[in-house]
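Protein sequences appear in the order of chains V and X.
Here the first sequence is numbered in our numbering, starting from 1 and rising by one per residue.
Here the second sequence is numbered in our numbering, starting from 191 and rising by one per residue.
Source of the hints: derived by calculation from the structure; they are not laboratory data.
Wrong hints could be hidden among the right ones.
If you want the footprint, here are the derived chain V segments under chain X, 3+ residues with CB under 8 Å [to be verified]:
#1 51 to 65
#2 68 to 77
#3 90 to 102
#4 130 to 142
#5 161 to 167
Idealized CB from N, CA, C, for every residue including glycine.
Each chain, letter by letter, is given below.
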Amino acid sequence: MWIEILLFVLLLITAVTIAALNDLFAAAMLSGIFSLLCASLFTLMDAVDVAFTEAAVGAGISTVLMLGALALTGSREYQQPTRLGPFVVVFLTGAMLIYGTLDMPAYGDPQAPIHHHVADRYIADQSEKFDLPNIVTAVLASYRGFDTLGETAVIFTAAVGVMALLLGRRRRREEPQEDSPSEGNEGDPR
Amino acid sequence: MNAKVPMRMRDKVLLRVASKVFIPLILLFALYVQFHGDFGPGGGFQAGVIFSAGFVLFGLIFGLDALRQVLPLSIVERGVALGLLLYGGVGLACLLRGGRFLDYAVLDHHNAVHGQHLGILLIELGVGLTVAASMLAIFYAMAGRGRA
Chain V
1 MWIEILLFVL
11 LLITAVTIAA
21 LNDLFAAAML
31 SGIFSLLCAS
41 LFTLMDAVDV
51 AFTEAAVGAG
61 ISTVLMLGAL
71 ALTGSREYQQ
81 PTRLGPFVVV
91 FLTGAMLIYG
101 TLDMPAYGDP
111 QAPIHHHVAD
121 RYIADQSEKF
131 DLPNIVTAVL
141 ASYRGFDTLG
151 ETAVIFTAAV
161 GVMALLLGRR
171 RRREEPQEDS
181 PSEGNEGDPR
Chain X
191 MNAKVPMRMR
201 DKVLLRVASK
211 VFIPLILLFA
221 LYVQFHGDFG
231 PGGGFQAGVI
241 FSAGFVLFGL
251 IFGLDALRQV
261 LPLSIVERGV
271 ALGLLLYGGV
281 GLACLLRGGR
291 FLDYAVLDHH
301 NAVHGQHLGI
311 LLIELGVGLT
321 VAASMLAIFY
331 AMAGRGRA
């Protein structure tokens, strides 16, 4: 119980610090810490598969990619006048979300509707159909094979898109090292 | 990545030694997560990210040119497509064997559970391959562009 509260407080401090910082390098590192704290919370909620993904993607690779993006653009945010409007919108949205959780079943309630839509059948069929100790894998890979295929296609599309945008000129040269993104690629802010 | 750093990271003994110790462990752990996903937490997605993280660490310490010699971009590009093709190919194989798309039970006519195991293993491999190659492709693209 106390460790959850501690993690949530740390999460809140990290989020506020990220919003307040102008130094984007520090913000990128803090967002990695934010993901790691989220992963710890997911682990405490027994969602180890989700926690694993959050730790690997959020805390690991996306921090590196964020730093790569900062190296291409610039690591300081332009000074902007503090405006009240966005803050009010964010605060109201958060308040409404918290208000929405009041109607939800208690955390871990075995009678909650979400646990009785298809989950009963998945768990009942698991041993004769799959015989895998990790039901999550059976659900993701087999019951929801179409979803996972779609997710893989999304990642494929992302990679192809980034390569088309940033490596587009490489094909016309023999040596990648001599490649200079001078013509037609002047989209960089700095 | 950044040409303006005074001392290159590969010249720092601590980083070099530590990364050489850690990279094989990271890759081995990724393979464990990949093939142990049926039995514990993890699967192709997490394994792919961890696998690519090993190579990204190598690239950060030793530079993008060294990473390109270890793992040329052409291989990464093929990996991006090959993983998705493997996934779709398993679905097609299910169709050809008389089942529905991605219905792995028909992959083994004698034992539906073995068919499911085979199908899940193959599509997880496809997911892992595409994810690992995609992360590396994005890293190559971003890291390669800043140095022109």
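Against the structure, the hints come out as follows:
1. 51 to 65: holds (count 9)
2. 68 to 77: holds (count 4)
3. 90 to 102: It is violated: at least three residues are needed, and the segment 90 to 102 of chain V offers just 0 whose Cβ sits closer than 8 Å to chain X.
4. 130 to 142: holds (count 11)
5. 161 to 167: holds (count 5)
When each numbered hint is compared with the structure, a violation occurs for hint 3 only.
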